[in-house]
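Asker: Each chain, letter by letter, is given below.
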Amino acid sequence: MASANHSTSTRPTWLGVISDRFVDLGDLVRHWLSGLGELTLFSLRTLSWLLRRRPRKGTLIPNFYEIGVLSLPVVALTGTFIGMVLAVQSYAQFRVLGLETRLGAVINMTLVRELGPVLAATMLAGRVGSKIAAELGTMRVTEQIDALETMGASPVHYLVVPRFLGCLILIPSLTVMADFMGIAGGFFYSVVILGIDRGHYLSNAEAYVGMYDVFSGLVKSVLFGAAIALISCFRGFHCGPGAEGVGRAATQAFVYSFVTILIIDLFLGILLDAIYAAIWGSGPALL
Amino acid sequence: MSLDSSQLEDQSPGEDRPVIELDWLHVSFGQHEVLREIKIAIPRGQTLVVIGESGCGKTVLLKSMIGLIKPTEGHVRFDGRDLAKLTDSELTRVRQHFGFVFQNAALFDSLTVGQNIAFPIRQNRLAPQDEIRDIVQTLLREVGLPGDVARKKPAELSGGMRKRVGLARALAMEPEVVLYDEPTTGLDPIMTDVIAELILRTKANDDMTGVVVTHDMHTARKVADRVIMLHPLSRLQEDEVQVIFDGTPKELDACKDKRVRQFVDGQAGERLMELGVGG
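In order, the protein sequences belong to chains A and S. Per the numbering used here, the very first residue in the first sequence carries number 476; after that it's consecutive. Per the numbering used here, the very first residue in the second sequence carries number 790; after that it's consecutive.
The hints are simulated quantities; they were obtained by calculation from the structure and are not laboratory data. One thing to keep in mind: the hints can contain errors.
As a list, the in silico DSS-like pairs of lysine-lysine whose alpha-carbon atoms are at most 25 Å apart [as the list claims (entries may be wrong)]:
no., chain 1, residue 1, chain 2, residue 2
1, S, LYS828, S, LYS1039
2, S, LYS1011, S, LYS1045
3, S, LYS1039, S, LYS992
4, S, LYS992, S, LYS942
5, S, LYS1045, A, LYS606
6, S, LYS942, A, LYS532
7, S, LYS1047, S, LYS1011
8, S, LYS941, A, LYS532
9, S, LYS828, S, LYS874
Cβ pair distances, simulated, as ranges [unchecked claim]:
no., chain 1, residue 1, chain 2, residue 2, range
10, A, PRO716, S, LEU1025, 38 to 44 Å
11, A, GLY685, S, SER817, 40 to 46 Å
12, A, PRO716, S, GLY948, 16 to 22 Å
A virtual CB, placed ideally from N, CA and C, is assigned to each residue, including glycine.
One chain only, chain A, in its complex shape (with noise of 0.2 Å):
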């Protein structure tokens, strides 16, 4: 009876969960702004020992061989697969136009401009990103982050750094990669399988796609490749207590990283495109 008592009593009402609604909104709010804060203090240190002191050989070589030449393959498998998705899915409404032959030129500007940076970020973020996080939270974990600092070196500039480097550095072979794989892709699905004319579907893509697009998918990509190595080495550094704060900051390099790229793809997009608009007034229409 006491405690039927007590729970009546103490039973919110309307007004209380709509305001304890609030509050934990607000703390979400401030968790979040807190939080980008954070990241954006640790990226002008990372910037600042990029700057001060360059980093050893020993510590980039296996860090661009990590990131670089490990991620190759899967970038030139998914471009290729992509590059060949892109010609299905258009080849049926194309052709009731008879405009199958412009479909180089569609897979080609969507592939430098958005696929293949958005893919080769992505790709990065789930293979790199994820493994930066986990690496760097287990060294937080164990304590090896805090022996580096013990010992007189920067863990920014001995851990963050090299994979800083190598993330901007190396995305944008890995975008050339994924631009070459996909237009190959495209081409032998359209011209091989679909029996579209060599010839126009050449002639197409080389009229539309300009230098400026490639230009604006490799930009986009060296931005990408940045947002990447510093979400995930700060992730990293601020891994829970565990297995289950190191799983986490894997999972959350990702996440934030993907979410991230694509934000950046949306702005810089706009912003490249009214950059080219200035300069050289609109581009050529596709129809």
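With chain A's structure known, arrange chain S on it following the hints.
Answerer: Only chain S this time, still in chain A's reference frame:
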């Protein structure tokens, strides 16, 4: 990286000045207060053992001494220099005077044992490249490990060997102060005694200052010149001090404080009831 005049004044030589000084140290993580009003001065050459229940803040105290954890309030001074006032590179230079033996050794997985021990020497360019191999072999001998261990990866070593490699790495920079975070936890009694002997030998050889955080009373009695006991803040009143004992090992054995006696004699007493495992 020049120092201002007040810092230069701080650095004037003084024989009787403590090598480490914690001055009204407070450390909180968010709302959670871990250390409160800690005032400890450690003279040069002394081995201080810090004991206390799990979660009372011993490791936080140790990490504060080397600037890995920043004080919420108060000061940590090394040789008269306030760590909070140092720039990054000054703090790096100060840390070259310390060696830190981590609870689980914290060896770098990706490096061999030899590379681990050589790391601080290479990092701080303390010796030419061709001498580093000899230094590593000497350090391995000092901690009683064979030379061929240098080629192994940390994962191939037993717990006791890892701790000894951790000690060798901490000694690589010939530090003035060695901080030991539970150096004997998880080791068998014989290996525990080996580590305690190594701590004593290190001190005897180089007159190093040592701070040892441990639960192990055998090690504490063996190596300590002075013992401090911390009590968890959650079980203290607002006006009570957190350092509930400060004295020699002999005074510790004679101490009548119930909380100290319970810990030293390893008797749970009414703590069983508090923890909800009483009959």
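Asker: Decide, hint by hint, whether the structure agrees.
Answerer: So, going through the hints one by one against the coordinates:
1. S:LYS828 x S:LYS1039: holds, 22 Å
2. S:LYS1011 x S:LYS1045: Holds, at about 21 Å.
3. S:LYS1039 x S:LYS992: holds, 20 Å
4. S:LYS992 x S:LYS942: violated, 28 Å
5. S:LYS1045 x A:LYS606: violated, 54 Å
6. S:LYS942 x A:LYS532: holds, 21 Å
7. S:LYS1047 x S:LYS1011: holds, 23 Å
8. S:LYS941 x A:LYS532: holds, 23 Å
9. S:LYS828 x S:LYS874: holds, 19 Å
10. A:PRO716 x S:LEU1025: 38 to 44 Å: violated, 25 Å
11. A:GLY685 x S:SER817: 40 to 46 Å: Because 59 Å falls outside the window, the suggested range is violated.
12. A:PRO716 x S:GLY948: 16 to 22 Å: With a Cβ separation near 20 Å, A:PRO716 and S:GLY948 satisfy 16 to 22 Å, so the hint holds.
Going down the numbered hints, you'll see the structure goes against 4, 5, 10 and 11, while the others check out.
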